[in-house]
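Asks: Those sequence lines, one after another, are chains A and B. Each residue of the first sequence is one higher than the last, beginning at 1 in the working numbering. Each residue of the second sequence is one higher than the last, beginning at 400 in the working numbering.
Keep in mind that the hints are not guaranteed to be accurate.
[Said to hold, decoys possible] One side of the interface only, derived from the structure: several residues of chain B facing chain A at Cβ under 7 Å:
#, residue
1, Asp419
2, Thr422
3, Asp438
4, Leu439
5, Asp443
6, Lys639
7, Thr708
8, Arg710
9, Gln761
[As the list claims (entries may be wrong)] With a cut-off of at most 27 Å between alpha-carbon atoms, the simulated DSSO-like pairs for lysine-lysine come out as follows:
#, chain 1, residue 1, chain 2, residue 2
10, A, Lys47, B, Lys777
11, A, Lys47, B, Lys705
12, B, Lys705, A, Lys346
13, A, Lys103, B, Lys441
14, B, Lys720, A, Lys47
15, A, Lys37, B, Lys852
16, B, Lys777, A, Lys146
17, A, Lys259, B, Lys795
18, B, Lys795, A, Lys146
19, B, Lys836, B, Lys852
[Claimed, not checked] Which bits of chain B does chain A cover? Going by a derived footprint, with three or more residues having C-beta under 8 Å, they are:
#, stretch
20, 566-573
21, 607-615
22, 711-722
23, 736-743
24, 746-759
25, 777-784
What the hints contain is simulated information worked out from the structure, not anything from laboratory work. In this text, a Cβ means the ideal position worked out from N, Cα and C, and glycines have one as well.
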Amino acid sequence: MKNMIMNIKEYRPQFLDGRDEPWVRSIIDEYGRFEGKPLREWHQRLKEPLPYYCPPAKLRYLVKAIDATFGTRERLANKNIQELRRLLFQQSESTPWPNSVSKISSDILTRRKELLHSLAHNPLLHLLNGEEPIDSILFADLPSEKLVGKLKNDLLFHDLMLSANTYLLRSIIQRSESVDIFLRGKIRPIVRQALLRGLICVAKPLHRDSEFDMRISLSGPLALFRHARLYGRLLVEILPFLPNCDRFHLNAIVSHGEKQSSWIIKSGDPIKPAEQTTFDSHIERRFARDFMKVTNDFDLIREPEAIEAKESLIFPDFAIKHRTDSGTTWLLEIVGYWTDAYLQKKIENLRTANIKNLIICVSKRLGTTDQWPDHAQVIAFDRWIDPSVVLKAMSTSST
Amino acid sequence: MGAMNENKSENTALLSLEFDRGTILINGLTSTTAHSLHDLVKWDARTNSWRAPAAAYVHLLSRIRTMHGNPIDHVRQVQTPLAAWSAVGLRQYQESALLAWRAAAGRGIICLPTGAGKTRIALAAAQRSRKSTLCLVPTRVLLHQWIDSIREIYAGEIGVLGDGQHDIKAITVATFESAFRNGWTLGNRFDLLIVDEVHHFGDGERDEALEACSAPFRLGLSATLDDGKLDRLEQLIGPKVFEQRISDLVGTALADFEVSCLHLPLTPAEKHSYKLDYEVFRKFFDVFKKENPGGQWEDFLRTGLKSITGRAAVAAHGRAKRSLALTETKLSMLCQLLNRHAHQHKLIFTTDSATAMTIARQLLIAPITAEIGQRERKSLIEAFRLGTIKTIVSCKVLNEGFDVPEAEIAIILGGSGSSREHIQRIGRVLRPKEGKKAHIYELLAAGTNEVMKSRQNGNKMNERRHEKYDYEH
Numbered sequence: 001m002k003n004m005i006m007n008i009k010e011y012r013p014q015f016l017d018g019r020d021e022p023w024v025r026s027i028i029d030e031y032g033r034f035e036g037k038p039l040r041e042w043h044q045r046l047k048e049p050l051p052y053y054c055p056p057a058k059l060r061y062l063v064k065a066i067d068a069t070f071g072t073r074e075r076l077a078n079k080n081i082q083e084l085r086r087l088l089f090q091q092s093e094s095t096p097w098p099n100s101v102s103k104i105s106s107d108i109l110t111r112r113k114e115l116l117h118s119l120a121h122n123p124l125l126h127l128l129n130g131e132e133p134i135d136s137i138l139f140a141d142l143p144s145e146k147l148v149g150k151l152k153n154d155l156l157f158h159d160l161m162l163s164a165n166t167y168l169l170r171s172i173i174q175r176s177e178s179v180d181i182f183l184r185g186k187i188r189p190i191v192r193q194a195l196l197r198g199l200i201c202v203a204k205p206l207h208r209d210s211e212f213d214m215r216i217s218l219s220g221p222l223a224l225f226r227h228a229r230l231y232g233r234l235l236v237e238i239l240p241f242l243p244n245c246d247r248f249h250l251n252a253i254v255s256h257g258e259k260q261s262s263w264i265i266k267s268g269d270p271i272k273p274a275e276q277t278t279f280d281s282h283i284e285r286r287f288a289r290d291f292m293k294v295t296n297d298f299d300l301i302r303e304p305e306a307i308e309a310k311e312s313l314i315f316p317d318f319a320i321k322h323r324t325d326s327g328t329t330w331l332l333e334i335v336g337y338w339t340d341a342y343l344q345k346k347i348e349n350l351r352t353a354n355i356k357n358l359i360i361c362v363s364k365r366l367g368t369t370d371q372w373p374d375h376a377q378v379i380a381f382d383r384w385i386d387p388s389v390v391l392k393a394m395s396t397s398s399t
Numbered sequence: 400m401g402a403m404n405e406n407k408s409e410n411t412a413l414l415s416l417e418f419d420r421g422t423i424l425i426n427g428l429t430s431t432t433a434h435s436l437h438d439l440v441k442w443d444a445r446t447n448s449w450r451a452p453a454a455a456y457v458h459l460l461s462r463i464r465t466m467h468g469n470p471i472d473h474v475r476q477v478q479t480p481l482a483a484w485s486a487v488g489l490r491q492y493q494e495s496a497l498l499a500w501r502a503a504a505g506r507g508i509i510c511l512p513t514g515a516g517k518t519r520i521a522l523a524a525a526q527r528s529r530k531s532t533l534c535l536v537p538t539r540v541l542l543h544q545w546i547d548s549i550r551e552i553y554a555g556e557i558g559v560l561g562d563g564q565h566d567i568k569a570i571t572v573a574t575f576e577s578a579f580r581n582g583w584t585l586g587n588r589f590d591l592l593i594v595d596e597v598h599h600f601g602d603g604e605r606d607e608a609l610e611a612c613s614a615p616f617r618l619g620l621s622a623t624l625d626d627g628k629l630d631r632l633e634q635l636i637g638p639k640v641f642e643q644r645i646s647d648l649v650g651t652a653l654a655d656f657e658v659s660c661l662h663l664p665l666t667p668a669e670k671h672s673y674k675l676d677y678e679v680f681r682k683f684f685d686v687f688k689k690e691n692p693g694g695q696w697e698d699f700l701r702t703g704l705k706s707i708t709g710r711a712a713v714a715a716h717g718r719a720k721r722s723l724a725l726t727e728t729k730l731s732m733l734c735q736l737l738n739r740h741a742h743q744h745k746l747i748f749t750t751d752s753a754t755a756m757t758i759a760r761q762l763l764i765a766p767i768t769a770e771i772g773q774r775e776r777k778s779l780i781e782a783f784r785l786g787t788i789k790t791i792v793s794c795k796v797l798n799e800g801f802d803v804p805e806a807e808i809a810i811i812l813g814g815s816g817s818s819r820e821h822i823q824r825i826g827r828v829l830r831p832k833e834g835k836k837a838h839i840y841e842l843l844a845a846g847t848n849e850v851m852k853s854r855q856n857g858n859k860m861n862e863r864r865h866e867k868y869d870y871e872h
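Isolated chain A (complex conformation) (with noise of 0.2 Å):
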């Protein structure tokens, strides 16, 4: 897949992987020493050499993914240690401050264990933790006191690595200001989740004899003026959607000041895959579940296949398959709740695209417009759908 842009210098993500594995494995077990530890102590241990040579950037994203795999435990959260530190820090004022020089740590100790003291009985404390003494608690709702996690035995190397390889990914997404990617089946989610997102999504449809079935370009409203990075966070979102079509390949123009560069990512490359969503509303989902119900005749497909319209592509939210006859299919499109502006340009592309057996369920709260396609068949719905409703359209479009 050439790049289209010229003089832009490609790269391909250095992933973690087999080789990566003997330091991988020493972190690990560096990690399993700060066990109960403040998670401070870990990440100050990290600063330090290491046993082994790790490379820096697959090293920063590897600690990511084991803070969020073993997580932290909380020590303490409760608003009376901070009314227990403020009592302890206005003791404290009154109380001077060593003037010694050759034994200042000391008499620091003295100073604060003394203070400390004085809250010993205080009922706060006995509200707090009985069990620990206050000197190690004084702090302990801080997130940097939370304490490392425990290791787990059932830990999965590949699992782990994944999840590192997949903070790799959204780092250089995220400083992404385009994306484009070639994709073949299941393309309706990623376009679904970029428009959700508020992306400006092109979508072009390849020739027939191409490995991939559209070509979809994303990228956000000011990238037309500058290297926006306003959208990296949005198109990182995109990224677990990709491992569930049927194969991509995703080039990301990342801009360095004035300069640009283009990272490929493609099928096969590790992505920790989005769980399968299913519906966009509890519209679709519910008309989905009574439509089930209601009839054993027809078919109710998810994400059908993209139309082309003039200059755009419409995705239609079902398609309504008869289930011995093939040949008979409606189209369902739902119109919920959208702008002024994307309803008039959601009918320019229905009336263009001119499909048969159409039919539009459209929510009162649009108001009523005569400006939908001619043939098809428009329904109003209050809150839900009623699949009778459907099916008695779908029998007169038939008839």
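With chain A held as given, fit chain B onto it using these hints.
Replies: Only chain B this time, still in chain A's reference frame:
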């Protein structure tokens, strides 16, 4: 003439402007007209439309009006502040600053030292203009501080965007980060954009937050503005319209102050370990400098992390820096100063959060770091204001916008070495109060590069400095 007017109305009937996710869509623009607006608009082949960044709205509208008359304008979705404002009184120099901003068509940057009342000028701008206003601030501490300041003079509800809240009102305060994330969806809801500590913008990092906003009136505030950013900030906010320095206001609008630099020797053990670590670092750093003559610190870190020796050098540098953060003599001197100024409000500034927490743990002094939650932070600052707590230790959180005039002693144990940080920290104790004379103590590890950095910063500020070397402990 009549024909010209006819032509104007014919064109404008077709032209409409619409806000689209941080940009302006111009519908009905002919290619001839687009050509004359080429510096503002671009053809977007992705959506087949003419588009301009939202920040260009005011220029775009003015140019279209000149050429064609009024277009159909759907851009602004603003809500006029309905609640009453109390009048905001200003000092003479603050009035002059506001006047200069208004003379620049309500677009510009005001540079005043910390404590000189920049926020007050901004509030006066919002109050007098009666426009829906978005205030951008860099930190959560400042977010709440601004909300409190607005609440004193504005009777209506105040929107908050940041620190876990997402509530938009005609007057809204947002953190930079939240504005960056959400700006493109709400950029057309405000007429006046106020940017506190505007020097954080202009280098591309978060500029999109300002570009995605269509507010025609913009006010930037800063105490430490880099001249290198002025051109870019002029595009995003407006030109620098007013400036006064600390020396212009000391003794009148700012408290008088004195800086004492205390050169404190390292103990033999500290000296030995510092020397060892510094040598490990220096050896690698010298090689790096030889191979990369123009190399920056970030390049050094990147190079260092790629090898075992480099990693050791970077780690040694970190250790050397940490070892200076709180030496034994610094700790001892800190205690002496705390005793000497026991009845005054003191701020302790450290190199890093870890040192701030060490001091908090050992000396039992209230810390304000990024880890301290909003509720506790607010309660500690209130206690400081009331005087039940007279000492606060912090690293960076209090560098900007901490507004407690009672603070009169600053003890600086270490820092990044940048002059901006130095000015910001000193500014924390310069807020005026009757009879106040602020004192700033810089505790420096003698014989290290802390001394050189401190001198550079002092020279930049023309400080009255007292260098003290021989300490009797």
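Asks: Of all the hints numbered above, which does this structure not satisfy? Sort the numbers upward.
Replies: 3, 4, 6, 7, 10, 12, 13, 15, 17, 20
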